[in-house]
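So the sequence lines, in the order shown, correspond to chains A and B.
Residue 191 in this note's numbering is what sits at position 191 of the first sequence, and the numbering runs on without skipping anything.
Count along the second sequence from 1, add 1000, and you get the number used in this note's numbering.
Derived from the structure by calculation, the hints contain no laboratory data.
Just so we're clear, the structure is a prediction, and the values are computed from it rather than from any experiment.
Keep in mind that a hint or two might mislead.
One side only, chain B facing chain A, incomplete, derived with CB under 10 Å [stated by the list, open to error]:
1. 1094
2. 1179
3. 1198
4. 1329
5. 1364
Virtual Cβ for every residue (Gly too), placed ideally from N, Cα, C.
There are 2 protein chains.
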Amino acid sequence: MKKTYLMTPGPTPVPPKALLAMAEPIIHHRTPEFMEVFKEVCDLLKYVFQTQGDVITFTSSGTGAMEAAVANLLSPGDKAICVQGGKFGERWTELCKAYGATPIIIDVKWGNAVDPKVIEAELKKDAAIQAVFTTLCETSTGVLTDIKAIAQITKDHNAVLVVDAISGLGAEEIKTDEWGIDCVVSGSQKGLMIPPGLAFISLSKKAWEKVEKSKCPKYYFSLKKAKKAIESTDTPFTPAITLVIGLRETLRTMKAEGLDVVFARHKKLALATREAMKAMGLSLFAPAAPSNGVTAVNVPAGVDGEKLVKHMRDKYGVGIAGGQAELKGKVFRIAHMGYITETDILTTIAVLGMALAEMGYRGQPGVGVEAAEEILLEGRSRGPVEPA
Amino acid sequence: MKKTYLMTPGPTPVPPKALLAMAEPIIHHRTPEFMEVFKEVCDLLKYVFQTQGDVITFTSSGTGAMEAAVANLLSPGDKAICVQGGKFGERWTELCKAYGATPIIIDVKWGNAVDPKVIEAELKKDAAIQAVFTTLCETSTGVLTDIKAIAQITKDHNAVLVVDAISGLGAEEIKTDEWGIDCVVSGSQKGLMIPPGLAFISLSKKAWEKVEKSKCPKYYFSLKKAKKAIESTDTPFTPAITLVIGLRETLRTMKAEGLDVVFARHKKLALATREAMKAMGLSLFAPAAPSNGVTAVNVPAGVDGEKLVKHMRDKYGVGIAGGQAELKGKVFRIAHMGYITETDILTTIAVLGMALAEMGYRGQPGVGVEAAEEILLEGRSRGPVEPA
């Protein structure tokens, strides 16, 4: 007998209420019944994206919406800044190249956040740059980017700011309209708590103007087609009906909880996780710019990182994530986004302590939970805590 | 109190076993557990596609796989035949245009099937034609195309044969390897009995050679990326995990039943539906080339086709489909594909009789069910029947 805990930064656990809504007999998408669902989802997405504009839904993984951004905002030969500080930042560069655009790559050491001034300097050098592609929370490193500061810069330039918020939306503050972000891309299987299969994209007026001029070929990911359809609460192609129905459930809970509370909850879980790691003598991979969605931790010397992940999953049912690409075996990652609660975090930290002890790591297994509890108790029965 | 019957040609009803499998707590896609599921699904897809080659899975609606075919098989400026005999045939033309290819349109009167000789004549005229895009079962008209005959022709030409089998796969015989079809495209929400969100594509050796030469931009729908990933039972991007898990259930039942039995079942339901319509004094929209997946029926004079569909759905819970595009209001369509049974068909025919009577149609409501029963009883307690 084993219980399983999904602590990976996508997919994240799906609330039972959403799972059950998706298990209802399927309905047709061109019915008043589905239109009512989709209308509500579109409205709730605006709330979560913090925008007055339409949020377009594609049936695809998050990458599909990234491709939509590139293929609809650029034309072949266009120059675009791609901030690369992890596996997903690199995807922007690959996408630009696939569509014949010229990426101006800003390489950021993995684990660090881009300095907005570097972006500003590039934009000042070349007024022809059409877009800046960045990442809100880089899933592979756990780094949070200062999107607000970058938006302040792009506002005064020709370029649009495009943010991959696939990991991050619903976990991190991102004020699309207020900060002036031209394009926000996200996916269903992270902060939005639904299985993978839906991708989302919002666009500012400035972005829609670029869409009008774009000469890249597109069809399925055509934003113009999607925009036209959404005007009559429709999608150009058959949507992933069950996922949309599930999404209504999770978005409703987010709205009911309120975004401020949602973000505060994520912040607290992230802090508890980080303090637990430090208390256990572990070091964070991205201490300078940690995100509230996922924490990357350096695998301690003498421990096999890949075996650790496997051991926690196979023996205890706790699924954390290993490192990706150049970080393979070097870090492990604990998600604290979406439908992940205090008890999940405490369980994960407790199990991590046991697993590390079993793998020969010399640390006291219990201290992690203790440190996390200090944070979690804050504001409840106890006063503010000075984390150790 | 009302029971609902989904009798539309996509989405089709999802078996409860698959719904419940999808409602289990979600698992991560990069785990041995999911890889086992995906491996089995890939093998079962080969069985259903009747091919030894890989069947690639995309997270998208079926149109995504159609786009993958165009963007990966062609280059800008290439010529391709597009057979247009309905809404979905036209999609091939639109896709070719979107990617800068030149469509050679073969227009077929809606309700008729293309004459393979017309395709042959075009191919003989121009050896530079790279592809022939056709439709197995045109959902909008219910017409079945003679794919076997077309494949005999394309075999001897440079062009690859690409078949949109989104509607049809699992309902109609399509021997990918044996007939020599270069590329078969399908989707999850029709004969495969899963909610929309997955698309599939198979390719012959001849097709893969064209993929190598293609110069159209692509990323998410790149077949090369997908092929590389599938070699290690993986997908290039996060797959729609729950839909893949559900698909395993429905494909297992298809394998257990056997394709021959599956096709015979569809054939019988289609025949029962058609005979019922005729007995009720209704005429079929595509009498010359009817498919076993969906039957399109002309709306009788004096009856409002759109109101009929609405009435059946709202009063009786039976959801049939109306006409699309130029057939709006002129036909209604009854699906008999996937998880649709004899009892569903009998219910639908009975309700149609009642609804038509309520809308002033002068026919005997009961005769449809009677005619259908004659067909359904065939080979059971009674001998072969001569349909009226």
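Taking the hints in turn, this is what the structure says about them:
The beta carbon of residue 1094 of chain B is positioned within 10 Å of a beta carbon in chain A (closest approach about 7 Å), and the interface hint is therefore held. Nearest Cβ of chain A to the Cβ of residue 1179 of chain B: about 27 Å, over the 10 Å cut. The hint is violated. With its C-beta approaching chain A no nearer than about 8 Å, residue 1198 of chain B sits inside the 10 Å limit, and its interface hint holds. A distance limit of 10 Å between C-beta atoms decides the matter here; for residue 1329 of chain B the minimum to chain A is near 14 Å, and the interface restraint is violated.
A cut of 10 Å between beta carbons decides the hint on residue 1364 of chain B: the least distance to chain A is about 29 Å, and the hint is violated.
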